[in-house]
Every structure is written in structure tokens, then in C-alpha cells.
Amino acid sequence: MLKKTLQSLLLTFIVLCSISASAKDAVPLADDPVTEQRLIVISEEMRCLVCQNESLAGSRSDLANDLRREIRILINEGKTDEQIRNFMVERYGDFVLYRPPVKPITWLLWIGPFIILLAGIIGLMVYLRRRNKAVPSTTLSEADNRRIDELLQDAKSSSIEK
Amino acid sequence: MKAKFLIPLILFVILVGFLAVGLNRDPQEIPSPLIGKQAPAFEIPQLADPQKTFSPASMKGRPWILNVWASWCVACREEHPVLVELGKLQLAPIIGLDYKDKRDDAMTMLARQGNPYLLSAFDANGRVGIDYGVYGVPETYVIDKTGVIRFKHIGPITMELLRKKIIPLLDELK
Numbered sequence: 001m002l003k004k005t006l007q008s009l010l011l012t013f014i015v016l017c018s019i020s021a022s023a024k025d026a027v028p029l030a031d032d033p034v035t036e037q038r039l040i041v042i043s044e045e046m047r048c049l050v051c052q053n054e055s056l057a058g059s060r061s062d063l064a065n066d067l068r069r070e071i072r073i074l075i076n077e078g079k080t081d082e083q084i085r086n087f088m089v090e091r092y093g094d095f096v097l098y099r100p101p102v103k104p105i106t107w108l109l110w111i112g113p114f115i116i117l118l119a120g121i122i123g124l125m126v127y128l129r130r131r132n133k134a135v136p137s138t139t140l141s142e143a144d145n146r147r148i149d150e151l152l153q154d155a156k157s158s159s160i161e162k
Numbered sequence: 163m164k165a166k167f168l169i170p171l172i173l174f175v176i177l178v179g180f181l182a183v184g185l186n187r188d189p190q191e192i193p194s195p196l197i198g199k200q201a202p203a204f205e206i207p208q209l210a211d212p213q214k215t216f217s218p219a220s221m222k223g224r225p226w227i228l229n230v231w232a233s234w235c236v237a238c239r240e241e242h243p244v245l246v247e248l249g250k251l252q253l254a255p256i257i258g259l260d261y262k263d264k265r266d267d268a269m270t271m272l273a274r275q276g277n278p279y280l281l282s283a284f285d286a287n288g289r290v291g292i293d294y295g296v297y298g299v300p301e302t303y304v305i306d307k308t309g310v311i312r313f314k315h316i317g318p319i320t321m322e323l324l325r326k327k328i329i330p331l332l333d334e335l336k
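Protein sequences, first through last, are from chains A and B. Per my numbering, numbering of the first sequence is gapless, rising by one per residue and ending at 162. Per my numbering, numbering of the second sequence is gapless, rising by one per residue and ending at 336.
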């Protein structure tokens, strides 16, 4: 009798748990973990167009959900990563990619930092060279050298005497 | 020697120039790669009559406007009167693409606010929207006689935009 009550209690508990669990919005996962893995890799490289500062993988916007669903379909159709990327770029432009392609319009974007770095290095070298020149390099005369030797000698002998 | 003092000033002016351009741009506005290309083909049921379908191919031979809207979208409600005005001018047929909407809600909105559309296509799951690169409703496309997208606007159309951009473009496309 007790066992039965416990059993039914446990059953009620489980049912209640599952109800409360299903009340939360679950992001649909593909049945295939391999597909899901590829989806994550691809969508992490893409921008969510609604939030713009989030990746497509991390966004919870409605459009991001739809686009992930679309990418999932493309993966299951056996499309390559390249084809999927093209699919997205055809619709949303290069903006959808976090890593913009190298082409004339993005040359400055890609090589700009290196130009600035190079300019900095050249500037620093010019500055250092000028500064070195500014320090007067005077060579000591014979007489000065002799005087220094004498003084050093004196200092040595006086320290020995002590 | 004097010119040396000007270098930081010149750099500063260039920087201000870049920032001024950057700040005056709308970061929400992303140039569409679809401009100058054929409008993507589709065939989906119409909003008012699910038995009938709509396909952009049926619009060939005349310029037309595709307006993506939804009853849940606040900006669309704001835009709607402008579309009604545009519809009165009869410059080009306006086709609606009802994006991820509920049929009843959409019909109610049209009944309440007026229907500027020749017809609306019903994009229940947003699949057509993806082909048009829709990422925020409302969006409006102007498509020419040959089915090429000539203009795209994201966000509600204003009277000013209508006067300055859309009406002249439609005149040109005739």
C-alpha cells in the first residue's frame, strides 16, 4: 500500500517536473550532433543582423533562429561551408561575415593597421637617430686622458694607504 | 619648421572627418547586395485568398513595389498611411509581403488602416523574407519592368523619402 502511494507520488513529481521543464522555450536542436557542431562553427563566424553585435550562433532573435534553421537545412542538403557562406552573403552582403573578405574595398581595413604600425616604427627610428645626433660626441684630448690617469692613480694609492 | 606644428592639426582634422562621416551614417542600414540583381523568385499563397498564389514573375513588364510588412510590427503601422497615400497616386502597383504574421491579425490591420496593396503574399514562416535579405520589417523594394531590384529601403517609408526618392525613381522606370 505504502509502496503504491510512493510510486504514484513519484510519478506525479516526474510529470510535474516535465511540465515545468517544457514550459521553458527550448531552442530546437538538430537530431544529428555533427550537423549541430557544423552549424555552431559556421554561425559563430556570422553576425546576427538584428542585434549586430552578437554572432548568429549566440543570438536569440527570431531572425537568427530562422537563419540557423536555414543553415541546418543547407548542411543536411550536403552543402559545403563555402556554399553556405555564399548563400548568406548573397542575401545580406559581406556585413554578415565577421571576417570580411580581402577585396579592393576592404584593403584599407586589412592593411591599415600594418601601415600605422610601420609609420610608427619609421617615426620612432627617425626620432632616435636625430636624438643620437644631438648628443655632442666629444673626444678627450691627450692632456685630458693623462690627467684622468693621474687622478685614478692617486685615488688608488690613497685607498691602499688607508 | 613651422609646418611641423601643423602635422597634429592635420591628423586631427582627418580624424574628425572620419568620425563625422561615421557618426552620420545609420548603422542599421546595410547596403543590400540584391540591388541591381533579379528579384528572387517565389510562389506563395495570397493573404486574402489562400487558394491563389503570387509570384514576382507575374509582375514582369511594369515597375512595382514590394513592401514587407506585418501586423505585429509597430513601424509598419506607422508607415501604413504613407503607403495608402502612395497607393492613391497609382504610380505603380504595391505588393505586400506579409512576413511571419497571423492571417487574421493581418486582415484586421488592413481592414482598420486601409489596404494600399494590389494584393499581399503570405510569407508565414519567413522563408521568402530570407531570400530578400529581410532583417527588419518594414522593408520596401522598387523593382523595374525586367524584374531587377533598383532600390531598397529598410524601415518605415516617410513622405519625404517618397517625394525625394521613390516617386522620381518610379517616373524614371516607366
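If you're looking for bench data, these hints aren't it; they were derived computationally from the structure. Where hints are given, some of them may not hold.
Claimed, not checked - Restricting the straight-line Cα-Cα distance to at most 35 Å, the calculated cross-link-like pairs of lysine-lysine (DSBU-like) are: (1) Lys250/B - Lys166/B; (2) Lys214/B - Lys166/B; (3) Lys214/B - Lys103/A; (4) Lys103/A - Lys250/B; (5) Lys166/B - Lys262/B; (6) Lys326/B - Lys79/A; (7) Lys336/B - Lys222/B; (8) Lys314/B - Lys336/B; (9) Lys214/B - Lys262/B; (10) Lys133/A - Lys214/B; (11) Lys250/B - Lys79/A; (12) Lys314/B - Lys79/A; (13) Lys264/B - Lys166/B; (14) Lys327/B - Lys79/A; (15) Lys199/B - Lys166/B; (16) Lys264/B - Lys250/B; (17) Lys156/A - Lys250/B; (18) Lys103/A - Lys264/B; (19) Lys79/A - Lys222/B; (20) Lys166/B - Lys79/A; (21) Lys327/B - Lys314/B; (22) Lys79/A - Lys336/B; (23) Lys314/B - Lys103/A.
All values reported here derive from a predicted model rather than from experimental measurement.
The hints, checked one at a time:
Distance check on the hinted pair: Lys250/B and Lys166/B sit about 63 Å apart at the alpha-carbon level, beyond 35 Å; violated. For the given pair, Lys214/B sits about 74 Å from Lys166/B by alpha-carbon distance, which is inconsistent with the 35 Å threshold. For the suggested pair Lys214/B and Lys103/A, the alpha carbons sit about 45 Å apart, so the restraint of at most 35 Å is broken. With a C-alpha separation of about 45 Å, the suggested pair Lys103/A and Lys250/B falls outside the 35 Å cut-off, and the hint is violated.
Our distance criterion of 35 Å between C-alpha atoms is broken by Lys166/B and Lys262/B, whose separation comes to about 61 Å. Annotation: proposed proximity of Lys326/B to Lys79/A is violated, straight-line Cα distance about 43 Å (limit 35 Å). For the suggested pair Lys336/B and Lys222/B, the alpha carbons sit about 13 Å apart, so the restraint of at most 35 Å is met. At roughly 18 Å between alpha-carbon atoms, Lys314/B and Lys336/B fall within 35 Å of each other, so this suggested pair holds.
Restraint check for Lys214/B and Lys262/B: satisfied, since their Cα atoms lie roughly 18 Å apart, inside the 35 Å limit. Distance hint between Lys133/A and Lys214/B is unfulfilled; the C-alpha atoms sit about 86 Å from each other, more than 35 Å. With a C-alpha separation of about 46 Å, the suggested pair Lys250/B and Lys79/A falls outside the 35 Å cut-off, and the hint is violated. Taking the CA atoms of Lys314/B and Lys79/A, the gap is about 29 Å. The hint holds against a cut of 35 Å.
For the suggested pair Lys264/B and Lys166/B, the alpha carbons sit about 67 Å apart, so the restraint of at most 35 Å is broken. Proposed proximity of Lys327/B and Lys79/A is contradicted: the alpha carbons are some 40 Å apart, above 35 Å. The straight-line distance between the Cα atoms of Lys199/B and Lys166/B is roughly 51 Å, outside the 35 Å bound, and the hint therefore fails. The suggested pairing of Lys264/B with Lys250/B holds, with an alpha-carbon distance near 27 Å, which does not exceed 35 Å.
The suggested pairing of Lys156/A with Lys250/B is violated, with an alpha-carbon distance near 109 Å, which exceeds 35 Å. A distance of roughly 43 Å separates the Cα atoms of Lys103/A and Lys264/B; the hinted pair therefore is violated under the 35 Å criterion. At most 35 Å may separate the alpha-carbon atoms for a hinted pair to count; Lys79/A and Lys222/B meet this at roughly 32 Å. Using a Cα cut-off of 35 Å, the hinted pair Lys166/B and Lys79/A is violated, with the two alpha carbons roughly 58 Å apart.
About 11 Å separates the Cα atoms of Lys327/B and Lys314/B, which keeps this hinted pair within 35 Å; it holds. For the hint linking Lys79/A to Lys336/B, the alpha-carbon distance of about 41 Å lies beyond 35 Å, and the restraint is violated. Between Lys314/B and Lys103/A, the direct Cα distance comes to roughly 24 Å. Compliance with the 35 Å bound is thereby established for this hinted pair.
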